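J.: Sequence:
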Amino acid sequence: MNNTLNQSVTIIKGIGEEMAETLADMNIRTVSDLLEYFPYRYEDYRLKDLAEVKHDEKVTVEGTVHSEPALV
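Residues 2 to 73, numbered by my numbering, are exactly what the sequence shown covers, in order.
Bear in mind the hints are in silico, worked out from the structure with no lab data behind them. All values reported here derive from a predicted model rather than from experimental measurement. A couple of the hints might just be wrong.
As the list claims (entries may be wrong) - Heads up, simulated EDC-like pairs for lysine to aspartate or glutamate below, C-alpha to C-alpha not over 16 Å straight-line:
hint, residue 1, residue 2
1, 49, 63
2, 59, 44
3, 59, 45
4, 55, 45
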């Protein structure tokens, strides 16, 4: 029986040779390596209310423009 976890990441749809080389630079060569990879840090893109934002915190906000800008 063939163990998928030990196969090359190229068996995953959308991962070609070029992406496999990029992953190999990160020491990710097998499906198992990819599943066990945890990035050093990541960006959280969840929306946050402005009232909850702390000073110097990177956040994603959403807003609506209610009028066109005007030159004064």
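J.: Between residue 59 and residue 44, does the CA-CA distance stay at or below 16 Å?
T.: The hint holds at about 9 Å.
J.: Are the Cα positions of residue 59 and residue 45 separated by 16 Å at most?
T.: holds, 9 Å
J.: Within a Cα-Cα threshold of 16 Å, do residue 55 and residue 45 meet the stated pairing?
T.: Roughly 14 Å separates the two Cα atoms, so the pair holds.
J.: CA of residue 49 to CA of residue 63, is that 16 Å or under?
T.: holds, 8 Å
Violated hints: none; the structure is consistent with every hint.
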